[in-house]
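Novice: Can you build the whole structure from these sequences, using the hints too?
2 protein chains.
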Amino acid sequence: MAKVAVVLGDLFNEDEYMKPKQALEDAGHELSVIGIEAGKELKGENGKTTEKPQFGIADVNPHDYDALFIPGGGSPDRLRADERMVSFTKDFLKHEKPVFAICHGPQLLITADGVKGRKMTSWKTIQVDLKNAGADVVDQEVIVDGNYVTSRQPADIPAFIEKSLEKLQ
Amino acid sequence: MAKVAVVLGDLFNEDEYMKPKQALEDAGHELSVIGIEAGKELKGENGKTTEKPQFGIADVNPHDYDALFIPGGGSPDRLRADERMVSFTKDFLKHEKPVFAICHGPQLLITADGVKGRKMTSWKTIQVDLKNAGADVVDQEVIVDGNYVTSRQPADIPAFIEKSLEKLQ
Numbered sequence: 113m114a115k116v117a118v119v120l121g122d123l124f125n126e127d128e129y130m131k132p133k134q135a136l137e138d139a140g141h142e143l144s145v146i147g148i149e150a151g152k153e154l155k156g157e158n159g160k161t162t163e164k165p166q167f168g169i170a171d172v173n174p175h176d177y178d179a180l181f182i183p184g185g186g187s188p189d190r191l192r193a194d195e196r197m198v199s200f201t202k203d204f205l206k207h208e209k210p211v212f213a214i215c216h217g218p219q220l221l222i223t224a225d226g227v228k229g230r231k232m233t234s235w236k237t238i239q240v241d242l243k244n245a246g247a248d249v250v251d252q253e254v255i256v257d258g259n260y261v262t263s264r265q266p267a268d269i270p271a272f273i274e275k276s277l278e279k280l281q
Numbered sequence: 113m114a115k116v117a118v119v120l121g122d123l124f125n126e127d128e129y130m131k132p133k134q135a136l137e138d139a140g141h142e143l144s145v146i147g148i149e150a151g152k153e154l155k156g157e158n159g160k161t162t163e164k165p166q167f168g169i170a171d172v173n174p175h176d177y178d179a180l181f182i183p184g185g186g187s188p189d190r191l192r193a194d195e196r197m198v199s200f201t202k203d204f205l206k207h208e209k210p211v212f213a214i215c216h217g218p219q220l221l222i223t224a225d226g227v228k229g230r231k232m233t234s235w236k237t238i239q240v241d242l243k244n245a246g247a248d249v250v251d252q253e254v255i256v257d258g259n260y261v262t263s264r265q266p267a268d269i270p271a272f273i274e275k276s277l278e279k280l281q
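Chains as they are written, first to last, in this note's numbering: chain A, 113 to 281; chain B, 113 to 281.
Bear in mind the hints are in silico, worked out from the structure with no lab data behind them. Treat each hint with caution, since some may be false.
Put simply, identical chains are the same to the list, so a pair is met inside one copy or across any two.
[As the list claims (entries may be wrong)] Derived pair list, reagent style PhoX-like, types lysine-lysine, alpha-carbon separation capped at 20 Å: (1) K236 x K202; (2) K228 x K243; (3) K131 x K155; (4) K115 x K279.
Model, not experiment: these values are computed from the prediction.
Specialist: The following block contains the structure:
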C-alpha cells in the first residue's frame, strides 16, 4: 500500500479532491493532506465544504511519500506561489514517482518545470499554458504518460481514479 | 473622454476591479462592465462585494470601445474559457487600443495570443506562463509597452491607475 501526499490550497474543487481521495483510501492507500500551514481552514471553490490540512509544507519530507496527488480548482495556482510547494513537487518528478493532477493541477507542474515533452491534459483554459510550456496536450478524459496521470474536469473523475489506482499497484 | 470596456467574471479581485474603475470614472471616462451574461451576479474573491455586469458578451461590439480593462483574481481564467471573450479581446489587440491588465488579467491576453515579444508583468504565479508564451517579463509594479499597461497585485494599483490614465489622454 502506498503513502500518497495530497497538496491542497484555498478554493480547491471539492469533488476533484474528495472523490479520488476516498477511492484511494478505499483501496487501502494512506493519504496525507498537506497545505501551506497545518490546520488552517481551506475553502472549497463551490462553498460545499472546507478542509484543514493535517500537515504544513514546512513539516513534511517528500522522501516519506510514494506518490503525489494535485486536486484542481483555485488551489494549484495558490500552491505554486509558495517555493516550498514547488520544491516538494520537484522531488516527486526527480524520482519519477506517480503524480496525479486534475483540472488546474498541472499549473503546479508547469512551475515545477515538469511538463516539457510530456503527454498531458488539463482544464481547458490551462491547455494553452501547457502547450506554451512544451507539453504535448491531448483533450481527453485521462492521459497516462509514464508516471503522470492527468485529467480535465470533474466529469473525468472516474477515469482519473481508475488510472491513478493502476499506478499504485 | 474614452469608452472603456471592463471584462468581469466570477471571483474577481475587488480592489483591482473597483479602485481603477472609480479612478477612470472620476477622470471623466465611461466604463461598461461586461460579463458572460448581463445581470448575472458575480462574487468578489475575498467576499467583500458582488457585481452584476451591465452587458453580456453576446450584446457588445468591441468597435464601440476605445480601451479594455481586465481586473485580476479568479476572473480572467473564467473569462478565457469563453471563446466570445477571447474574440472580443483579440479585437482590441488587432486595433492596438489601450489594454490595462492587472494580476491574473494577462491570462486572458495569453489565450488571445497577445503576449509574444511584449514587455509585461503579472501576478507572480502567472509570470512563468507569460514567459513560456514568449513575453519579456519584468517583476515591477507597472510596465508600459505600447498600448499595454500591466501590473502585478493590489499594492500596485496606484501606479497602474496613473499609467492607465496616461494612455487615455
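Novice: Next step is simple, just say for each hint if it's right about the structure.
Specialist: For each hint, the structure was consulted:
Taking CA atoms no more than 20 Å apart as the test, K236 paired with K202 passes between copies only; the shortest distance there is 19 Å, against 24 Å inside one copy. In this assembly of identical chains, the alpha carbons of K228 and K243 lie at most 20 Å apart whether taken from the same copy (9 Å) or from different copies (14 Å). For the homomeric pair K131 and K155, the shortest alpha-carbon distance inside one copy (16 Å) is at most 20 Å, but the shortest distance between copies (26 Å) is not. In the homo-oligomer, the alpha carbons of K115 and K279 lie at most 20 Å apart inside one protomer (13 Å), although the nearest pairing across protomers, at 55 Å, exceeds that limit.
Violation of the numbered hints given earlier is absent; every hint is satisfied by the structure.
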